[in-house]
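Protein chains: 2
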Amino acid sequence: MSLLTIGSVAFDALETPFGKTDKIIGGAATYITLSASYFTEGNNLVAVVGDDFPQSMIDDLNQHGVNTEGLEIRQGEKTFFWSGKYHNDMNTRDTVEVQLNVMENFDPVIPESYQNCQYLMLGNTAPAIQRMVIERLHTRPKLIVLDTMNLWIEIARPDLMGLLPLVDVLVVNDEEARQLTGQYALVTAAAKIREMGPKTVIIKKGEHGALLFHEGQIFFAPALPLAEVFDPTGAGDTFAGGFIGHLAKTDDVSFENMKRAIIYGSAMASFCVEKFGAERIMNLTKDEIQARVSEFVKLSAFGLE
Amino acid sequence: MSLLTIGSVAFDALETPFGKTDKIIGGAATYITLSASYFTEGNNLVAVVGDDFPQSMIDDLNQHGVNTEGLEIRQGEKTFFWSGKYHNDMNTRDTVEVQLNVMENFDPVIPESYQNCQYLMLGNTAPAIQRMVIERLHTRPKLIVLDTMNLWIEIARPDLMGLLPLVDVLVVNDEEARQLTGQYALVTAAAKIREMGPKTVIIKKGEHGALLFHEGQIFFAPALPLAEVFDPTGAGDTFAGGFIGHLAKTDDVSFENMKRAIIYGSAMASFCVEKFGAERIMNLTKDEIQARVSEFVKLSAFGLE
Chain A
125 MSLLTIGSVA FDALETPFGK TDKIIGGAAT YITLSASYFT EGNNLVAVVG DDFPQSMIDD
185 LNQHGVNTEG LEIRQGEKTF FWSGKYHNDM NTRDTVEVQL NVMENFDPVI PESYQNCQYL
245 MLGNTAPAIQ RMVIERLHTR PKLIVLDTMN LWIEIARPDL MGLLPLVDVL VVNDEEARQL
305 TGQYALVTAA AKIREMGPKT VIIKKGEHGA LLFHEGQIFF APALPLAEVF DPTGAGDTFA
365 GGFIGHLAKT DDVSFENMKR AIIYGSAMAS FCVEKFGAER IMNLTKDEIQ ARVSEFVKLS
425 AFGLE
Chain B
125 MSLLTIGSVA FDALETPFGK TDKIIGGAAT YITLSASYFT EGNNLVAVVG DDFPQSMIDD
185 LNQHGVNTEG LEIRQGEKTF FWSGKYHNDM NTRDTVEVQL NVMENFDPVI PESYQNCQYL
245 MLGNTAPAIQ RMVIERLHTR PKLIVLDTMN LWIEIARPDL MGLLPLVDVL VVNDEEARQL
305 TGQYALVTAA AKIREMGPKT VIIKKGEHGA LLFHEGQIFF APALPLAEVF DPTGAGDTFA
365 GGFIGHLAKT DDVSFENMKR AIIYGSAMAS FCVEKFGAER IMNLTKDEIQ ARVSEFVKLS
425 AFGLE
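If you read the sequences in order, they're chains A and B.
Under the working numbering, the first residue of the first sequence carries the number 125, and numbering increases by one thereafter.
Under the working numbering, the first residue of the second sequence carries the number 125, and numbering increases by one thereafter.
The reader is advised that the hints may include incorrect statements.
Identical copies go unnamed one by one, so any copy, or any two together, can satisfy a pair.
[Stated by the list, open to error] The calculated DSBU-like cross-link candidates involving lysine-lysine, where the alpha carbons are at most 35 Å apart (straight line), are:
hint, residue 1, residue 2
1, LYS144, LYS316
2, LYS410, LYS316
3, LYS410, LYS266
4, LYS266, LYS209
5, LYS422, LYS383
6, LYS323, LYS144
7, LYS329, LYS202
8, LYS209, LYS316
9, LYS202, LYS383
10, LYS147, LYS422
Because the hints were derived from the structure by calculation, they are not lab data.
No experiment lies behind these values; they were computed from the predicted model shown.
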């Protein structure tokens, strides 16, 4: 089944304890579609960039099978830019600079050819824009997955609360789950989020793995213990891309298949952090992914006698 | 196979956001032997208390099959006492008061009937005392498991470094692993600890589960996501007791069986936090334990198609 992803396509400039980059390709939708490209074929992007965005990067997306018909290129405007600096523990970062540019009035246009997508990934952007995408689809997709962040919980909570009943799966990290619900225990936070609308909640815990809550059932996915995290940028989006990419490929939204999707998402995220930006997930083979997934299986498998 | 446990048997006074206790039974060896009692039969305790320690508590231990022949009762002296207060997040606590009392010159005497124990659990106490126990055994046990804490890493590092080559398994939490090695990444910290002596390292991550490192292999055990932690006191010792109790019962120190042992330890720890002190692990049935272990199986099981 085909997938529709909306979100930012951007320039990032990153600084980590291991080095720094000039402007490189970034943005939630970039990571999501690249990650999903290893799973699903119909991989349709809706985003906006300025005329400073290089054709070579669009070619890169196309070479990964990403359909960029819905990538609007606004003449005379500039692409969204974010720069950030990670602290030594790699778990916290400061935003050094944000230039919203084209994102300031992103008005997502859905190409007619995208209208039948059954899987919708609402990558992190303003809830009002995410909602527009749902409203502009003629038929409701089979599964709508929403990502959001602390910024929107702070400044756009009413929009977000209005959006939650319209989606099937919310993907957030542990701090966002706590911020959204005021609950410290993640079990309780997930239950509160499910009352807000989404019947499935995924809480990402970074190096501690991820929890999937679905109709009273819980799955705990491990994270691969890594000796070194080179650059965490995009890991959450890459996780989401692997997750929905697997679901779209298999067209199966059962709890059992969502577990597998989380393992695939976790495997993809574990690659993402190995190099700056999207470099690693632009250059993966299916064999490498299968080998990594096998590591996850080994990592958490046990038998009771 | 029979198990020998050394460590503190103590009085604790606890305060959590849910309430407070008067002096209740506590101490590492109490939790370890109670937890192990649900698994192994030969369950031998070496510890010291004062003459203020009530016979009824010794009777409780005996009723759980704990052999207290090695529990020295020192006349005219008082039992080790610790009181602590937990903060609202339940992850941090302050020590309110410590009275070392009999622990100040604990000189562990091994009864002759304990000499053939094949499993030795060195519960948290001064490394010099833990070492004495190894030296006082006529034959080396098949498996020696060591627990320690931040205090000993700070004030008795040379003793601890001398002890590490003598043990098979080190059990520490994530912060202790970092403090011991100076390494932030747990994979790297575990590798460094293995260079210090123990061929197996278990790193407990509290609500995030536990990692088992053994000869280049890694196992990630989930923690049961809990809506409420009533009192975390003794959870780590209860984990260790379930771990070594299962190993002693099955007399199998393979990686596969250690994985199972960690799941049993995690299940026992998940009970421990439900009530104050050791109350919950004093009153468990084997059916309750099996049901809890099944929850762990469900929590982390997935199949790739």
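Each hint tested on the structure:
1. LYS144 - LYS316: Intra 40 Å, inter 29 Å, cutoff 35 Å: inter-copy only.
2. LYS410 - LYS316: between (38 Å within a copy, 33 Å between copies)
3. LYS410 - LYS266: For LYS410 and LYS266, the Cα distance is within 35 Å only inside one copy (27 Å; across copies 44 Å).
4. LYS266 - LYS209: neither (38 Å within a copy, 50 Å between copies)
5. LYS422 - LYS383: both (15 Å within a copy, 11 Å between copies)
6. LYS323 - LYS144: neither (40 Å within a copy, 38 Å between copies)
7. LYS329 - LYS202: within (34 Å within a copy, 45 Å between copies)
8. LYS209 - LYS316: both (33 Å within a copy, 29 Å between copies)
9. LYS202 - LYS383: neither (39 Å within a copy, 54 Å between copies)
10. LYS147 - LYS422: neither (38 Å within a copy, 45 Å between copies)
In summary, the structure is inconsistent with hints 4, 6, 9 and 10 from the numbered list given earlier, while agreeing with the others.
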